[in-house]
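Trainee: Line by line, the protein sequences give chains A and B. If you use our numbering, the first sequence corresponds to residues 678 to 921, in order. If you use our numbering, the second sequence corresponds to residues 678 to 921, in order.
Hints may be right or wrong, so weigh each one.
Same chains, same names: a pair is fine if it fits in one copy or spans any two.
As the list claims (entries may be wrong) - Derived DSS-like pairs (lysine-lysine); straight-line CA-CA distance at most 27 Å:
(1) Lys774 to Lys702
(2) Lys754 to Lys815
(3) Lys712 to Lys815
(4) Lys898 to Lys825
(5) Lys825 to Lys774
(6) Lys729 to Lys897
(7) Lys757 to Lys898
(8) Lys808 to Lys774
(9) Lys843 to Lys754
(10) Lys898 to Lys729
(11) Lys832 to Lys898
(12) Lys774 to Lys832
(13) Lys868 to Lys898
(14) Lys897 to Lys868
(15) Lys868 to Lys712
(16) Lys723 to Lys808
(17) Lys897 to Lys825
(18) Lys729 to Lys807
(19) Lys754 to Lys774
(20) Lys774 to Lys815
(21) Lys702 to Lys815
(22) Lys883 to Lys723
(23) Lys897 to Lys850
Honestly, the hints are just simulated from the structure, not real lab data.
Protein chains: 2
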Amino acid sequence: MGKEHCNRSSRVYKRESLRFIKLEKKFDKYEIPVKEKNHLRVLRCKFPLTIKAVCEQTELEIVIEQLGNDLIVKNVKKIKKLEVSGLIVYFPLIDSKRLEWGLEKIIELSIQKIYFYYSDHCFYNKKQIKKFQDRFDKLQNLVEEAQKQSGNLTKPLLFNAVPLEKLYNEMQKPLVLGVHGQDVLEASDIKEMSSLLIGPEGDFSKREYDDFSKRNFTLKKLEGESILRTETALIYMASLNKFF
Amino acid sequence: MGKEHCNRSSRVYKRESLRFIKLEKKFDKYEIPVKEKNHLRVLRCKFPLTIKAVCEQTELEIVIEQLGNDLIVKNVKKIKKLEVSGLIVYFPLIDSKRLEWGLEKIIELSIQKIYFYYSDHCFYNKKQIKKFQDRFDKLQNLVEEAQKQSGNLTKPLLFNAVPLEKLYNEMQKPLVLGVHGQDVLEASDIKEMSSLLIGPEGDFSKREYDDFSKRNFTLKKLEGESILRTETALIYMASLNKFF
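Given only the sequences and the hints, what does the whole structure look like? Please build it.
Mentor: This is how it looks when you write it as structure tokens:
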């Protein structure tokens, strides 16, 4: 980023750059996984390379040296223990492309945990829910890429889809955003928000709204005339959360 | 939205609902365009239908009645003259999928005008720029869909890609967001922002930064360690602009 004298008519910029790498620890020795080595080669990195690294939830600064055809880790400096922080999000099942996009964006905007759920007004039928659950592992790759892209050293945790009510007991006082929420969202709600339950495309059912009221969840709706899709509302809230 | 007694295992919810329709005026008579009539049929609307409409930048409330096989407009009430408001955005050319997604999202988040540009550190070569310009009309469809989806009655204006410096003279005091911007973005910047020039993936060049300083544009960078992709930064800013 920020290099000069670039010719407009040629592609000289690498679309991707490496912001940190992940290390493995074997018998007190730090090793670069094969996948990361290949990535360094693809990006044509120059060695010795000083770079940030993450291993066992610790941020490190390391130097990577080339030794023959191999890459080895030198000068490991521990920077700090990493704590996962950020918003907890309860994410309804929506159209799979929109779900993936929304997921990528909120991860770039810093999220701690994401729980997928389906509820009374869910567009997925049983078969589709099963398919989503079976393919869940593929989302993890997307998460890892988005995490690396954004330079976040901690990886958000992802939880496979369950019925909404199964999550009630472990929910940490969520701000619930639905079409029939009570008042309009305010800045103070966002400042206090630690977890967010976003409504599905068909909104929550009356039964679900009753459950939320019983449990004293904070029920809000978005302001204004314009109606946001589920994933847009999610990115919108993640943006506000990041800023406040 | 908000209907109850929905069976989780079946798809009873329509993904799309009609929030308003566009009318044509012919010799002082309001007519429903064929495309809108087909849309009403696809959505299996029931008639008479009271619905919002837009015609010649005016918001209307109308009743649509079925007359044999045709649909006609009755009881036209003028609500108000529509004024296009919202953020003006200068949008760099990025990967086409990301561009389309970003575009859709910022339109849902209310935008007035979008100018596409290419600059010193643009990933597109001449051929790709030409291709983008030739295909530009296709983006208009996407804009219309996103506008309808969000229920915004006014359609944002889109301008085809030109070199950045060609826009300088008509730029309305933009907030410039680049990696090498001077200070970190603050709430007051967002409150004052009426137009936004977002940096390309390779950031602005030194020459461009000098141009901005000469013209007294407000130069800022995003806070924090995490790095946002161009389209994420754009959605992030549109979210903040919508909220403030």
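Trainee: Hints broken by the structure, by number, lowest first?
Mentor: 1, 2, 9, 15, 16, 18 and 19
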